[in-house]
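Chains as they are written, first to last, in this note's numbering: chain A, 1 to 274; chain B, 275 to 548.
Please note: incorrect hints may appear among the correct ones.
As the list claims (entries may be wrong) - Restraint ranges, calculated between C-beta atoms of paired labels, are given here:
| # | chain 1 | residue 1 | chain 2 | residue 2 | range |
| --- | --- | --- | --- | --- | --- |
| 1 | B | S451 | A | L2 | 33 to 41 Å |
| 2 | A | E239 | B | S415 | 54 to 62 Å |
| 3 | A | E239 | B | L499 | 49 to 57 Å |
| 4 | A | R145 | B | S451 | 22 to 30 Å |
| 5 | B | R423 | A | I83 | 41 to 49 Å |
| 6 | B | E406 | A | D107 | 48 to 56 Å |
It is worth saying that the hints were derived from the structure and are not from the lab.
Everything numeric in this text was worked out from a predicted model, so none of it was measured.
Where is the CB? At the ideal position from N, CA and C, for every residue including glycine.
Here is how the chains run, residue by residue.
There are 2 protein chains.
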Amino acid sequence: MLIKLAKSCGFCFGVKRAIRLAENNPDSIVIGELIHNSREIDRLNRNFGVRSADNLDKLKKGDRAIIRTHGIEKDAKAKLLTIADDIIDATCPYVTKPQKIAEAMSDEGYQTIIFGDGSHPEVKGVLSYADENAAVVADASELDRVTIRDRAALISQTTKSIAAFGEVAAALIAKTSETRVFNTICNATYDNQEATRKLAKEADVMIVIGGKNSSNTKQLHSIALQYCADSYLIEDGDELRREWFANKRLCGVSAGASTPDWIIEEATKAIEAF
Amino acid sequence: MLIKLAKSCGFCFGVKRAIRLAENNPDSIVIGELIHNSREIDRLNRNFGVRSADNLDKLKKGDRAIIRTHGIEKDAKAKLLTIADDIIDATCPYVTKPQKIAEAMSDEGYQTIIFGDGSHPEVKGVLSYADENAAVVADASELDRVTIRDRAALISQTTKSIAAFGEVAAALIAKTSETRVFNTICNATYDNQEATRKLAKEADVMIVIGGKNSSNTKQLHSIALQYCADSYLIEDGDELRREWFANKRLCGVSAGASTPDWIIEEATKAIEAF
């Protein structure tokens, strides 16, 4: 069986930057999970003493805090500034952008609509920059339960697929006089999705590696499933099963933006071993 | 056979307004066709002496000119002001709006993209208000032949379907950082389209009455065809054929925004006569 890695996959610019910031700031405390990959978080803890705190109350004066790649809510950031002595902002610049757009559009009187998962930290963060008229929708049909105003600004969670974003935009346009659509889907997400799509079309089995709470990894898995019925999402090589590869000719491998190279290599070796 | 008229069809606000202006200004000259209905134009000529001139050179000092419902190009309007003594602007306010948007968006540095038929007078008029970066596309695939800039403003010809507009918007969003989408489809068009769609779903045969050069009438015909294979576009009752109605239970009738009531009544009587 041949194993082929997607042309674009794994660590994105924002994740690389966050990990570099964490490595350069040992013994600091991340609010929440720095990235959605528990094994990489363990490595940063083991090798650099970087810990995670699930809320701000765990911080005390003098601590050095890191803001996670997904960003945090506006109020939390303001509060953090009053607690920590030193704050390292590892918010991905692709996430800072929709935060700023949400704030500016609210100021200009547009109703901010965010296409994304309302329970995801990135979306919660972006939403906190908009005014009280803002809403989060997971798909176009959810627009029906929101009171839509005459002028809207539409933003996407950075890791969503452009096709699904287009569907939400098309539905919103019909309900407004003006909709300002900001394409805030990040390039790495787009590239990884296109590379996964291409590979899934030719593969007999697809392995997508990444955190199961990682939005972009889940998107990759969902795209892979559209073209290759035998597509599996795993966090690491231990989850692989021999029967997945029986009588398969080509195994495609892709990985989310928060999956480090060493996990991809480990999993690829495990596949080879079958 | 039962005959049922669409809940919303025929003359829209802009057409009614234009005809009132023409009737109140006898012996004036319209640049082009006031509305896309040759029989109504004949009536205005016969009863009110309102003539059409196919270009500005036919006008002389002292003439009273009427600007058609679809508007005219910016340069032509400026030239008209230097020739005619009296100008009656019958441009539909729903068309003036996209003209103003095209001008404002060009001023703000957005590339204006117009979804519509580039040969239609309304679209030519709107395009003339935008800068040289503007483009007209008939569908989403035509975006591929345009150099799209980072920030775009999308406008629709007033008579297009909202679903098709959404498709163009979705494709454009993928090519830009920001797209300001202005829903310039007029309410009457939307209402007529929805009423035609509803009627076509239950009808065995559909008759759509209106000018064959009328964009909104062609749209109604195309919507009717989606739900009722036996859908016909006619300009008046003379075009009806007996065989269309053989063994039909329900005949739906709809009419474009430039079709006067008297033509709808005439055609309905002709259908009844079969």
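Here's how the hints hold up against the structure:
1. B:S451 - A:L2: 33 to 41 Å: 39 Å, holds
2. A:E239 - B:S415: 54 to 62 Å: 42 Å, violated
3. A:E239 - B:L499: 49 to 57 Å: Given a distance of about 52 Å, which is inside 49 to 57 Å, the answer is holds.
4. A:R145 - B:S451: 22 to 30 Å: Roughly 29 Å apart at Cβ, these two residues keep to the hinted range, so it holds.
5. B:R423 - A:I83: 41 to 49 Å: At roughly 44 Å between Cβ atoms, I83 of chain A and R423 of chain B fall inside 41 to 49 Å, so the hint holds.
6. B:E406 - A:D107: 48 to 56 Å: 32 Å, violated
Checked against the numbered hints above, the structure violates hints 2 and 6; every other hint is satisfied.
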